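Just so you know, the protein sequences line up as chains A and B, in that order. All residue numbers for the first sequence refer to this note's numbering, where the first residue is 1 and numbers rise by one. All residue numbers for the second sequence refer to this note's numbering, where the first residue is 1001 and numbers rise by one.
These aren't lab readings, by the way, just hints derived from the structure by calculation. Just so you know, nobody snuck in bad clues.
In silico lysine-lysine, BS3-like type, Cα no more than 30 Å apart, as pairs:
1) A:Lys122 / A:Lys320
2) A:Lys122 / A:Lys261
3) A:Lys402 / B:Lys1037
4) B:Lys1037 / A:Lys225
5) A:Lys57 / A:Lys148
6) A:Lys57 / B:Lys1037
7) A:Lys464 / B:Lys1037
8) B:Lys1037 / A:Lys449
9) A:Lys338 / A:Lys122
10) A:Lys402 / A:Lys449
11) A:Lys326 / B:Lys1037
As the structure is a prediction and not an experimental result, all values here were calculated from the model.
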Amino acid sequence: MARVVILGAGIAGHTAALFARRRLPRSHQVIVVSPKDIYNWIPSNIWVGVGAMPYSKVVVPLRPVYAKMGIDFVQARAVEIHPEGTGAVSAPRVVVESTGDGEAGQRREIGYDYLINATGPKLNFAATPGLGPEGFTQSVCTYEHADKAAGAFMAAVEEMKMGRPQTLLIGTGHGMCTCEGAAFEFVLNVEFELRRHQVRDKARVVFITNEPELGDFGVGGMHFKRGGYVVSSKLFAESLFVERGVEWITGAHVQKVEAGKAFYETLDGENHEAAFDFAMLLPPFTGAGMKALDRAGQDITADLFMPNGFMKVDADYSKKDFTQWKASDWPQSYRNPKYANIYAVGIAFAPPHAISRPRVSARGTPISPAPPRTGMPSAIIGRVVANNIADQVLGRTRRQPKTASMANLGAACVASAGANWWSGTAASMTMYPIVPDFQRFPEYGRDLKFTFGDIGSAGHWIKKILHYMFIYKARALPFWWLIPE
Amino acid sequence: MSMNQSDQHAPLPTHTTRFFRTFVPWQVLKFISINLKMIRMIRRSH
Chain A
1 MARVVILGAG
11 IAGHTAALFA
21 RRRLPRSHQV
31 IVVSPKDIYN
41 WIPSNIWVGV
51 GAMPYSKVVV
61 PLRPVYAKMG
71 IDFVQARAVE
81 IHPEGTGAVS
91 APRVVVESTG
101 DGEAGQRREI
111 GYDYLINATG
121 PKLNFAATPG
131 LGPEGFTQSV
141 CTYEHADKAA
151 GAFMAAVEEM
161 KMGRPQTLLI
171 GTGHGMCTCE
181 GAAFEFVLNV
191 EFELRRHQVR
201 DKARVVFITN
211 EPELGDFGVG
221 GMHFKRGGYV
231 VSSKLFAESL
241 FVERGVEWIT
251 GAHVQKVEAG
261 KAFYETLDGE
271 NHEAAFDFAM
281 LLPPFTGAGM
291 KALDRAGQDI
301 TADLFMPNGF
311 MKVDADYSKK
321 DFTQWKASDW
331 PQSYRNPKYA
341 NIYAVGIAFA
351 PPHAISRPRV
361 SARGTPISPA
371 PPRTGMPSAI
381 IGRVVANNIA
391 DQVLGRTRRQ
401 PKTASMANLG
411 AACVASAGAN
421 WWSGTAASMT
431 MYPIVPDFQR
441 FPEYGRDLKF
451 TFGDIGSAGH
461 WIKKILHYMF
471 IYKARALPFW
481 WLIPE
Chain B
1001 MSMNQSDQHA
1011 PLPTHTTRFF
1021 RTFVPWQVLK
1031 FISINLKMIR
1041 MIRRSH
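With the rest of the complex left out, here is chain A (with noise of 0.2 Å):
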């Protein structure tokens, strides 16, 4: 018999679970440690921070469909990796604490024959003092965060109602930050709902990023094949803020943030202060902030992680500059180098560079976006590693095992503009590959046949579609494997 543990229940280790378990006869074990016994479909989270979605709608309770389909779950957090065992037990185990009514902070050993790394991000909102929903902004990257966001929005739109401007900050709230897309979608899901309200006259949107141009996503930006030109994601993205009055600061580091006050340093060097009634401003990332220890009790974290906590996986880590980046530079099977039974999937596992250009400002401060490994990638990656355990798991080693790495993925990225079947849009976006690869692509980096983007309502009912979709498959409801990722 063997075991399989995951660690994590998001988009990436909730799929590496089911398929993990598809696969693999009941005799082997699937096991999944989360702090949560709640799967949040986070893509609609944007929906539910501006009220147009009740966050029942992006939540499936883990324990029923884990019930089913016959995978153990224990609600707890991984504290420690022990992957040569722990003195006279050879046997790899990791320690988690539990997170569970009654039990908190009780901890206990699980050993494992395979582990996946599905533990995604913490929200670094300390990066940055007085961010989050414990200081002065409000976020949308958990759905309680996004309830909460919606409450306050709602009580600027009452603000508005009776006469009173307002302004409203959506964006990046550290010069490090990723998934800019949600917080695009985001401010284009605020104007959508102002207007939908009959109070845009009233109100202010400003829309602060760390990239260096609208558009970049945290991918470098892409080129799309429209109306007989290649035009740049930048002035797609530009179009939509000027057509919807959305006025928008690139390039931003948000130092610290007061009482309806954000400080921030642009890439010249410059300090500026934002005043704001409403904000909504995202964490950067880092990882789950496990240790790794060796038999005989050793600290061997730098082994199984970088700096920042993600984990090691089969990347070429080693110091570039950005003009030697190549697109085998990143991961094909996300192995640990080292203990080749543990694995890292998702956000959990460590890029090798960012996607986009670095850049620091003229004072020093990095200011770039993180490269997003969010959503469709995540979703496959998540599948990938768990098929190729399976193999291993049954013996089928003669099957070359599958790769994923984002350097051959493709993104489909349907970027909400509006909820509404018949007023609603959304930006429908594509890319292929995901990274860059000016060996196979000299002229874009990615093969403009695969890689387009178009507005308007159609892209909302896909939008909606997905949604339930994914919903769908998160409960593992009949023929749920046959909704691709």
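Given chain A, put chain B in place with the hints provided.
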């Protein structure tokens, strides 16, 4: 770096373009076309 640094250069959609963005018959066709493009890209990624 500064606010609205490029708004004077951003192309604005015409009234017709904006109309077609929410014109249902046209968007039904777009829906089919975008789905086909996405399926093509997904098949290449899986």
